[in-house]
Amino acid sequence: MNRTLPLGFVIILSVFLIASVVTIVNSIDLTVLTIYNYTRVFTPVIPRSGHLHVNPAVQKQIKAYPETERVIDNSSFFFNINTVFGRVPFACFGVSDDDRAYLIARGHDRLTSGRMPEAGKPEAVISEGIARNRKLKLGDVLASPTDTGALVSVPVPVHVVGILSGPTWCSFTSKEFTDNALPLVPHSLLVTTRGAAQTEQITFGDKLFNQLDKVQTQVFSFNSLVKDLRSSLASMYMIMGMVNGMVIFVVALMAGMLSNIYFTQRISEFAVLSAIGLRRSVLIWHAISETAILTTIGWIAGVIVNYTILSVLRGRIFEPRGMLINPGDLFAYAYTLPIPVCITLFAVATITYRLSRLDPVTIIERR
Amino acid sequence: MTDLLTTEKISLVYSDGDRNTYALRDVTIQIPDRKFIGIMGPSGSGKSSLLYILSGLKRPTGGEVRLKEYSYAGRPDRELVDLRRTRFGFVFQQPYLLVWQTAMENVLMGAPDLHDEARRKAQTYFDQLGIARLQNKLPSQLSGGEKQRVCVARAMMNDPDIIFADEPTASLDHTNGRLVIDLLSAYRERGTVIVVTHDPEMLTGADSILMMRDGESQGWVTPDALAEAGTKSKTISLGDSRP
Chain A
1 MNRTLPLGFV IILSVFLIAS VVTIVNSIDL TVLTIYNYTR VFTPVIPRSG HLHVNPAVQK
61 QIKAYPETER VIDNSSFFFN INTVFGRVPF ACFGVSDDDR AYLIARGHDR LTSGRMPEAG
121 KPEAVISEGI ARNRKLKLGD VLASPTDTGA LVSVPVPVHV VGILSGPTWC SFTSKEFTDN
181 ALPLVPHSLL VTTRGAAQTE QITFGDKLFN QLDKVQTQVF SFNSLVKDLR SSLASMYMIM
241 GMVNGMVIFV VALMAGMLSN IYFTQRISEF AVLSAIGLRR SVLIWHAISE TAILTTIGWI
301 AGVIVNYTIL SVLRGRIFEP RGMLINPGDL FAYAYTLPIP VCITLFAVAT ITYRLSRLDP
361 VTIIERR
Chain B
1001 MTDLLTTEKI SLVYSDGDRN TYALRDVTIQ IPDRKFIGIM GPSGSGKSSL LYILSGLKRP
1061 TGGEVRLKEY SYAGRPDREL VDLRRTRFGF VFQQPYLLVW QTAMENVLMG APDLHDEARR
1121 KAQTYFDQLG IARLQNKLPS QLSGGEKQRV CVARAMMNDP DIIFADEPTA SLDHTNGRLV
1181 IDLLSAYRER GTVIVVTHDP EMLTGADSIL MMRDGESQGW VTPDALAEAG TKSKTISLGD
1241 SRP
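Taken in order, these protein sequences are the chains called A and B. Going by our numbering, the first sequence opens with residue 1, and the numbers climb by one from there. Going by our numbering, the second sequence opens with residue 1001, and the numbers climb by one from there.
In short, the hints are calculated from the structure, not lab data. There could be a bad hint or two in this list.
One-sided excerpt, in silico: chain A residues whose CB lies under 10 Å from chain B [claimed, not checked]:
| # | residue |
| --- | --- |
| 1 | Thr4 |
| 2 | Glu269 |
| 3 | Phe270 |
| 4 | Leu273 |
| 5 | Ala275 |
| 6 | Gly277 |
| 7 | Arg279 |
| 8 | Ile284 |
| 9 | Glu290 |
| 10 | Met323 |
| 11 | Pro360 |
| 12 | Val361 |
| 13 | Ile364 |
Counterexamples of contact, computed for chain A against chain B with all Cβ distances above 12 Å [to be verified]:
| # | residue |
| --- | --- |
| 14 | Asn37 |
| 15 | Ala197 |
| 16 | Arg266 |
To list a few chain A residues with every Cβ distance to chain B over 10 Å, as calculated [stated by the list, open to error]:
| # | residue |
| --- | --- |
| 17 | Lys63 |
| 18 | Ala64 |
| 19 | Ser231 |
| 20 | Tyr333 |
| 21 | Leu337 |
Note that the Cβ used here is the ideal one computed from N, Cα and C, for glycine as well.
If we strip away everything but chain A, and leave its shape as in the complex, we get (with noise of 0.2 Å):
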């Protein structure tokens, strides 16, 4: 158990350093879905060249569209929320009670906070989520004239009087507040599908990017938004990955040498047991299954370690700071797998080239 222990804590400890750094890489990619969910949910259509309305032959081919349910013209301002690659301008759509409420319904969201904004005033209601990257609450101001950085901003300071729960970070202000305030401000239309699945939205949101004029119209389709962050970003991933790569290589070298080192230790016991009369091929068998197991139980326990550790992380400093992680990353933990794989055939090949070199007598003489 004493020659385990470290060989176990260092593949604990591989596992928590390579999961934990992937999955904070990762945690860009679950900023930008996040933020970004609510095109799963409607696609805007913004114009192009200096306009204040889509096109009116644009209008009627996204209406004529079978998949079209309901296009719903609007402005809007933006705030800004923050992100781990910093504040990112975000949309609050003006639109009329009704429309708020079917699109807050198709994003599986519900007032659960404050009430919905009054027609013509200054008010807007947010996604829990977007609360709590702006540490606002009710009352406080989402919005107002000096911000910087904001794409459209607010000529009067917009304060926040609901809070929405659900899984789609959106926010909406009256339409009547957007029309009086926001008067030279260019009319996007949002559009929804018949089907109310995301996947539905999400196809109808490429079929839109790809036949509408793309010199009259931009589309904000949830696809085309997420390749252009990605590929702005794919420099940082580029790097991120190379580092990422080098220290599963080095941790998993590292952890296959110690490894090497605990079986060198016990070689005498498997001379005697090989003295005894048992063949290679069973001794290389035990020496697989007992590496095997002590790195299941080590990269499990890694496993639990990372998990808890981010959880309390995500709690105490992401999430405070508008940062968005998942400590239950299947795909960091993917990346650790190398290392399990690494210690057991350096432990076989060790194995099996000490054995085949071995004489009992040797060791048994050597006590």
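Starting from the structure of chain A, add chain B where the hints point.
For chain B alone, coordinates are given in the frame of chain A:
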């Protein structure tokens, strides 16, 4: 009477350039079946080397070893490994056990197969050796004496013709050492036991003791003669190659 194990002028020579060192020189002995045999001698007398050659762990540089009619000479290593597994049992000074396996699983490693019969037999040995309560414990939870008893049980699992024990009591206290020797001694009802030891007290129940010195056989003595020689400091009368 047919001897179980015989050697014909076996030698073990280590060459170091022009110089030859004899670990064993022309040892010829016959060991009968169902006897408790001791091998004694000072350090470097060749007693352990003789045990390794008798058990097929080491090959002599000269001479021949036979188990009944089966000669070890010219046999491939794999065949000698099988011989050790099927016909011999071993107990060494250090009670090596697989650390991840329970006492019962370690004992079953000595069994030719893992049928229920083997488990029943192991259970019987655990009872006889007074370690029945330890069968599900890991080696790390056993004392040195308990581990050595597990090794004795493992050595008996294949019903060997011969149990070879190389200093089996050297790492144990007197009580545990005596217990292990008694267990081995009782095996003579089913096979031969050959014990190498420094300690003449551990061979008081032996049928015969082979005395070794400088790699040569000095002949056989009885435990009584050995004890008498010890108390009266007189020369022992040694026999020929047969005990």
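Original post:
Do the numbers back the hint for Phe270 (chain A), that is, is its least Cβ distance to chain B under 10 Å?
Top reply: 9 Å, holds
Subject >> Interface hint for Thr4 (chain A), Cβ within 10 Å of any Cβ on chain B >> reply: 8 Å, holds
Original post:
Against chain B, is Pro360 (chain A) within 10 Å by beta-carbon distance?
Top reply: 6 Å, holds
Subject >> Exclusion check [Lys63 (chain A) not at the chain B interface, CB over 10 Å] >> reply: 71 Å, holds
Original post:
Can we confirm that no CB of chain B comes within 12 Å of the CB of Arg266 (chain A)?
Top reply: Check fails; 8 Å does not lie beyond 12 Å.
Original post:
Should the interface hint for Ala275 (chain A) be scored as holding, given a Cβ-Cβ cut-off of 10 Å against chain B?
Top reply: It holds, given that the least Cβ distance between Ala275 (chain A) and chain B is near 6 Å, below 10 Å.
**OP:** Quick one: work out the minimum CB distance from Ser231 (chain A) to chain B and report holds if it exceeds 10 Å, violated otherwise.
**Re:** 51 Å, holds
Subject >> Leu337 (chain A) remote from chain B - nearest C-beta pair above 10 Å >> reply: It holds; Leu337 (chain A) is separated from chain B by about 23 Å at its closest Cβ, greater than 10 Å.
Subject >> Hint validity - Met323 (chain A) Cβ closer than 10 Å to any chain B Cβ >> reply: At 43 Å from the nearest chain B Cβ, Met323 (chain A) fails the 10 Å test, so the hint is violated.
Original post:
Regarding the hint that Arg279 (chain A) lies at the interface with chain B, is the smallest CB-CB distance below 10 Å?
Top reply: Hint holds; Arg279 (chain A) Cβ to chain B Cβ min 6 Å, cut 10 Å.
Subject >> Restraint satisfaction for Glu269 (chain A) [CB to CB of chain B, less than 10 Å] >> reply: Result: holds, 5 Å to nearest chain B Cβ.
**OP:** Determine whether the non-interface label on Asn37 (chain A) survives the test: each CB of chain B must be over 12 Å from its CB.
**Re:** Asn37 (chain A) is indeed farther than 12 Å from all Cβ atoms of chain B, at 49 Å.
Hints 8, 10 and 16, counting from the list given before, are not met by this structure.
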